[in-house]
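S.K.: My request is simple: use the sequences and hints to build the entire structure.
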Amino acid sequence: GAVVSQHPSWVICKSGTSVKIECRSLDFQATTMFWYRQFPKQSLMLMATSNEGSKATYEQGVEKDKFLINHASLTLSTLTVTSAHPEDSSFYICSARDFQGRSYGYTFGSGTRLTVV
Amino acid sequence: SQQGEEDPQALSIQEGENATMNCSYKTSINNLQWYRQNSGRGLVHLILIRSNEREKHSGRLRVTLDTSKKSSSLLITASRAADTASYFCATDTEKLVFGKGMKLTVNP
Numbered sequence: 001g002a003v004v005s006q007h008p009s010w011v012i013c014k015s016g017t018s019v020k021i022e023c024r025s026l027d028f029q030a031t032t033m034f035w036y037r038q039f040p041k042q043s044l045m046l047m048a049t050s051n052e053g054s055k056a057t058y059e060q061g062v063e064k065d066k067f068l069i070n071h072a073s074l075t076l077s078t079l080t081v082t083s084a085h086p087e088d089s090s091f092y093i094c095s096a097r098d099f100q101g102r103s104y105g106y107t108f109g110s111g112t113r114l115t116v117v
Numbered sequence: 001s002q003q004g005e006e007d008p009q010a011l012s013i014q015e016g017e018n019a020t021m022n023c024s025y026k027t028s029i030n031n032l033q034w035y036r037q038n039s040g041r042g043l044v045h046l047i048l049i050r051s052n053e054r055e056k057h058s059g060r061l062r063v064t065l066d067t068s069k070k071s072s073s074l075l076i077t078a079s080r081a082a083d084t085a086s087y088f089c090a091t092d093t094e095k096l097v098f099g100k101g102m103k104l105t106v107n108p
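Chains as they are written, first to last, in this note's numbering: chain A, 1 to 117; chain B, 1 to 108.
Among the hints, a few may not be true.
Claimed, not checked - Computed Cβ-Cβ distance ranges for the label pairs, DEER-style:
1) B:E94 - A:E87: 26 to 32 Å
2) A:G61 - B:R41: 24 to 30 Å
3) B:N30 - A:D27: 22 to 28 Å
4) B:G16 - A:T17: 49 to 55 Å
5) B:N107 - A:D65: 21 to 27 Å
6) B:K103 - A:H85: 26 to 32 Å
Note that these hints are calculated values from the structure, not bench results.
Note that beta-carbon positions come from the ideal geometry of N, C-alpha and C, so glycine has one too.
M.R.: Shown next as structure tokens:
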């Protein structure tokens with residue numbers, strides 16, 4: 001089945017630094033990927049839709065200059081949290097969409113736990 | 001953005017009992033999906049029901065969809081301690097939007 005690899009699985013960084021998270025579709029091409037964040041005991045909140053070869057579409061309230069998304073190839077999307085602050089500490093999950101027979105299917109990465117100290 | 005609203009938010013039952021979770025949404029959808037998540041880890045896809053389907057089964061899972069009421073339910077029969085997890089519904093409208101989720105605890 002479809003597999004999405006997300007890396008790193010966890011990262012600790014200092015306030016003010018930037019962190020890059022990678023999301024790769026391993027055995028399929030994904031023209032569209034999605035990025036979510038999840039705070040403890042809360043649901044997944046869609047941050048943005050990443051489209052290969054074009055600019056990402058951000059959800060309302062998500063700062064595009066804060067969360068830079070690059071989808072340079074059909075198998076790789078990256079999320080860079082710039083000038084990270086403790087309030088950015090969260091669980092970030094990516095998802096890749098591909099057409100599976102009759103409809104689109106979504107495959108999720110295993111997530112990245114970001115802690116900003 | 002969030003669309004689905006699960007009801008109840010938390011449920012605690014004994015092993016062997018059935019667990020029912022409800023989800024309501026607001027817009028037209030292509031399909032509705034249910035996921036589980038253990039302790040803030042990755043998501044596990046449970047079942048997908050298309051907008052033209054009313055009921056679907058997978059093992060101990062039964063999902064219903066009522067598009068006129070914009071609601072869905074997930075029934076887990078004969079629950080096990082291993083079913084303890086958070087469960088989310090997600091509506092597919094060319095992107096997946098998750099509901100608030102429900103924490104299920106199955107006591108041995």
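S.K.: Each hint: holds or not?
M.R.: Status of the hints after comparison with the structure:
no.: 1; hint: B:E94 - A:E87: 26 to 32 Å; verdict: 30 Å, holds
no.: 2; hint: A:G61 - B:R41: 24 to 30 Å; verdict: 26 Å, holds
no.: 3; hint: B:N30 - A:D27: 22 to 28 Å; verdict: 24 Å, holds
no.: 4; hint: B:G16 - A:T17: 49 to 55 Å; verdict: 50 Å, holds
no.: 5; hint: B:N107 - A:D65: 21 to 27 Å; verdict: 47 Å, violated
no.: 6; hint: B:K103 - A:H85: 26 to 32 Å; verdict: 28 Å, holds
Going down the numbered hints, you'll see the structure goes against just number 5.
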